[in-house]
Amino acid sequence: MIEKVGNRKHCYKKITERRLFMPLVCLFIVLLANVIKTPDFFKVSINNGVLYGYTIDILNRGSELIILSIGMTLVTAASGGQDISVGAVMAVAAAVCCQILSGGAVTTNTFENPLIIAILAAFTVSILCGMFNGFLVARLHIQPMVATLILYTAGRGIAQLITKGQITYIRVDNYKILGGYIGSCPVPTPIFAAIMTVIIVFLVIKNTALGLYIECVGINGSASRLVGLNSAMLKFLTYIICSLLAGVAGIVASSRIYSADANNIGLNLEMDAILAVALGGNILSGGKFSLAGSVIGAITIQALTTTLYAMKVSADQLPVYKAIVVIVIVILQSPIFKKYAAGLVSKRAAEGIEGAN
Amino acid sequence: MKRRVFFSIMVVCLIATLTACKAKSDSTVGTDVSNSSGDLIKVGFSQVGAESDWRTANSESMKKTFSEENGYELIFDDAQQKQENQIAAIRNFIQQDVDYIVLAPVTETGWDTVLQEAKDAGIPVIIVDRMVNVSDEGLYTAWVGSNFELEGKKAAAWLDAYLKAAGKGEDSINIVDIQGTIGASAQIGRTAGLEAGVNEHSNWTLLVKTTGEFTQAKGQEVMESLLKQYGDKIDVVYCENDNEAFGAIDAIEAAGYKVGLDGDMIVMSFDSTNAGLTDTLSGKISLNTECNPLHGTRVEEIIKTLEKGETPDKKKYVEEEIFSFDNSVPSVTVDGTDYTVTQVTQEVIDSRAY
Numbered sequence: 001m002i003e004k005v006g007n008r009k010h011c012y013k014k015i016t017e018r019r020l021f022m023p024l025v026c027l028f029i030v031l032l033a034n035v036i037k038t039p040d041f042f043k044v045s046i047n048n049g050v051l052y053g054y055t056i057d058i059l060n061r062g063s064e065l066i067i068l069s070i071g072m073t074l075v076t077a078a079s080g081g082q083d084i085s086v087g088a089v090m091a092v093a094a095a096v097c098c099q100i101l102s103g104g105a106v107t108t109n110t111f112e113n114p115l116i117i118a119i120l121a122a123f124t125v126s127i128l129c130g131m132f133n134g135f136l137v138a139r140l141h142i143q144p145m146v147a148t149l150i151l152y153t154a155g156r157g158i159a160q161l162i163t164k165g166q167i168t169y170i171r172v173d174n175y176k177i178l179g180g181y182i183g184s185c186p187v188p189t190p191i192f193a194a195i196m197t198v199i200i201v202f203l204v205i206k207n208t209a210l211g212l213y214i215e216c217v218g219i220n221g222s223a224s225r226l227v228g229l230n231s232a233m234l235k236f237l238t239y240i241i242c243s244l245l246a247g248v249a250g251i252v253a254s255s256r257i258y259s260a261d262a263n264n265i266g267l268n269l270e271m272d273a274i275l276a277v278a279l280g281g282n283i284l285s286g287g288k289f290s291l292a293g294s295v296i297g298a299i300t301i302q303a304l305t306t307t308l309y310a311m312k313v314s315a316d317q318l319p320v321y322k323a324i325v326v327i328v329i330v331i332l333q334s335p336i337f338k339k340y341a342a343g344l345v346s347k348r349a350a351e352g353i354e355g356a357n
Numbered sequence: 001m002k003r004r005v006f007f008s009i010m011v012v013c014l015i016a017t018l019t020a021c022k023a024k025s026d027s028t029v030g031t032d033v034s035n036s037s038g039d040l041i042k043v044g045f046s047q048v049g050a051e052s053d054w055r056t057a058n059s060e061s062m063k064k065t066f067s068e069e070n071g072y073e074l075i076f077d078d079a080q081q082k083q084e085n086q087i088a089a090i091r092n093f094i095q096q097d098v099d100y101i102v103l104a105p106v107t108e109t110g111w112d113t114v115l116q117e118a119k120d121a122g123i124p125v126i127i128v129d130r131m132v133n134v135s136d137e138g139l140y141t142a143w144v145g146s147n148f149e150l151e152g153k154k155a156a157a158w159l160d161a162y163l164k165a166a167g168k169g170e171d172s173i174n175i176v177d178i179q180g181t182i183g184a185s186a187q188i189g190r191t192a193g194l195e196a197g198v199n200e201h202s203n204w205t206l207l208v209k210t211t212g213e214f215t216q217a218k219g220q221e222v223m224e225s226l227l228k229q230y231g232d233k234i235d236v237v238y239c240e241n242d243n244e245a246f247g248a249i250d251a252i253e254a255a256g257y258k259v260g261l262d263g264d265m266i267v268m269s270f271d272s273t274n275a276g277l278t279d280t281l282s283g284k285i286s287l288n289t290e291c292n293p294l295h296g297t298r299v300e301e302i303i304k305t306l307e308k309g310e311t312p313d314k315k316k317y318v319e320e321e322i323f324s325f326d327n328s329v330p331s332v333t334v335d336g337t338d339y340t341v342t343q344v345t346q347e348v349i350d351s352r353a354y
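Protein chains in written order, with full-length UniProt numbering: chain Y, 1 to 357; chain H, 1 to 354.
Mixed in with the good hints there might be a few duds.
[Stated by the list, open to error] Cross-link-like lysine-lysine pairs, in silico, DSSO-like; alpha carbons within 27 Å at most:
#, chain 1, residue 1, chain 2, residue 2
1, H, Lys258, Y, Lys43
2, Y, Lys312, H, Lys316
3, H, Lys209, Y, Lys322
4, Y, Lys288, Y, Lys14
5, Y, Lys339, Y, Lys322
[Stated by the list, open to error] So, partial list: chain H residues that the calculated Cβ filter (under 7 Å) puts toward chain Y:
#, residue
6, Ile182
7, Ala192
8, Ala196
9, Thr210
10, Val222
Bear in mind the hints are in silico, worked out from the structure with no lab data behind them.
Quick reminder that beta carbons are idealized off the backbone N, C-alpha and C, glycines included.
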């Protein structure tokens, strides 16, 4: 994740023009604030046999967001729009998984059905949700935000219907593994889930032409179709991947609290995922994308939340501070500001550029 | 051909989703109206939803009390957490000319118009659980619900009595408060109860209060962070509902501390749901103060008073118990009244309705 930019040959401009430069700077600023305010922020110790520290919290708590932001990046790149139903799909997947495991009961101490069946069923339902979204966007050419708004509003209702309006509890130790720890492994499992997802998607994108195709479709759908790419199919596919990843995130979130809380799982997480994509330096209108950027964006958002907790900001005031920091970060990344900053530093034709702004 | 198959699959998916939505809206107006003889007392009950065990127990209590055997005809409406559904339900009740309307409001404000309509129709309205905030108190006949501040005070009084019994009455005690959703009446009352307790004791320190939004996930996340800030300085974790307590306990145990009276931290909780009391029995939650959902009998008392032509009390609190892991504190005193503390046993849990 931390990219080494220290190549002596590269001059200042080459470094600053790299895609991941600004996202990394933003993450760095957030972390820097901690060095000053909370000196032991980066202290990681082994406590009770597991890794313990704020940095571990960031990665652990940010896992769902990282998984979501990967899917969101692909959807954004291919369709030039966002899938705002991911939070609701998380709730649906969690509801399906827990309801199958409990065999319809409100709380259970043993698995009524095998775990693998429950997880596969949850993935199937997530894929169905993705197919629905993808169909509306790719086939019927409905604006992505509007198309996914349907599941955004209906999804939690469906999840409520599945759980009969109750919180379904699965009080089985095996179910807590995904949101907790594997045996005596000191690293929280959600971190593995996030890393695995990133690696799998990254390998698929790099080893096949899928990544290139997605960028083509995002840049110009009609032109891609004329050169022989099935743009509708590609868009459709990204929505399926996005919803499937939302399903994975939903099961991780559900495993953390060993229950399906249809009202609260993934609540408002879709907005954080979109923000992660934007913070990662991706253009929200589609085209070229960077998975690494989105992952950095997701970590930045979670780092911000954890930082504010560490600075003793009350949880209910968190959104205000978050908004302020986000405004600053977005301004830092805006093209106009970048141009302005570049002009100031190089002092070359500074007057002209400032005049233009 | 391939395209056509694909298209038809998509249409099926679309229809399936739409019917799912429809099924949802159908259940919204799931009233079970049965036209029966005129000597039954007709009661319309607009319930918030079925979001928790507590709420389900509340609905069950109403259904059980207002059964046909008891001489009532209950029209039950589930509003699925939406105020507009509740307003529509009340207007329906007025049209069906019910004798009494019982309302469990989802929010405190915005009831003036529809309650005025009920008043104009001459139907008494009884509010349960949450309060309504209306310009004219005369718009509703009576209110039945929990005294949240008393719940908080009871918990604080227990802590005081327990510490004295354990010989730690003079030790300095650090408390963290994981609050409910800010602004909810349960949060305001329970926080106020704790703060009153902290002000009475110079050796009690309220390290921090922060919201866990009444959910397990948030309770866990907040507690993780608090543990890193204060570590073993924390003596008491005051969670404002059972769900937050579950999350906090998970976080505390993951960090290697032990919860319980003989452990590193004492966890206190509210609501006394079945799951919450199970944790109280195992000693993870040391004290669980009840939030009684069984409003049915109290509402019936009010209706009987009204039937006799008398005026009932405007506000009526339900009786609420206190459950603890051990029996070191037999009772607590708040504002001059004694309240018994029950030691949790499996029989106590089994005998409860929720």
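Against the structure, the hints:
In summary, the hint linking H/Lys258 to Y/Lys43 is supported, as the alpha carbons are separated by about 23 Å, within the 27 Å threshold. Between Y/Lys312 and H/Lys316 the alpha-carbon distance is near 39 Å, which puts this suggested pair outside the 27 Å criterion. Between H/Lys209 and Y/Lys322 the CA atoms are separated by roughly 19 Å; this keeps the pair inside 27 Å, and the hint holds. Restraint check: the Cα-Cα separation between Y/Lys288 and Y/Lys14 comes to about 19 Å, which is no more than 27 Å; the hinted pair holds.
Distance restraint check for Y/Lys339 and Y/Lys322: the Cα-Cα separation of roughly 25 Å lies within the 27 Å cut-off, and the hinted pair is therefore satisfied. At about 5 Å, the closest approach between the beta carbon of H/Ile182 and any beta carbon in chain Y falls short of 7 Å, and the interface hint on this residue holds. Restraint check, H/Ala192 versus chain Y: the minimum CB separation of about 17 Å is more than 7 Å; hint violated. Interface hint at H/Ala196: violated, since its Cβ lies 20 Å from the closest Cβ of chain Y, which is beyond the 7 Å cut-off.
The restraint placing H/Thr210 at the interface with chain Y holds, with a minimum CB-CB distance near 5 Å, inside the 7 Å limit. Look at H/Val222: its Cβ gets to within about 6 Å of chain Y, closer than 7 Å, so that hint holds up.
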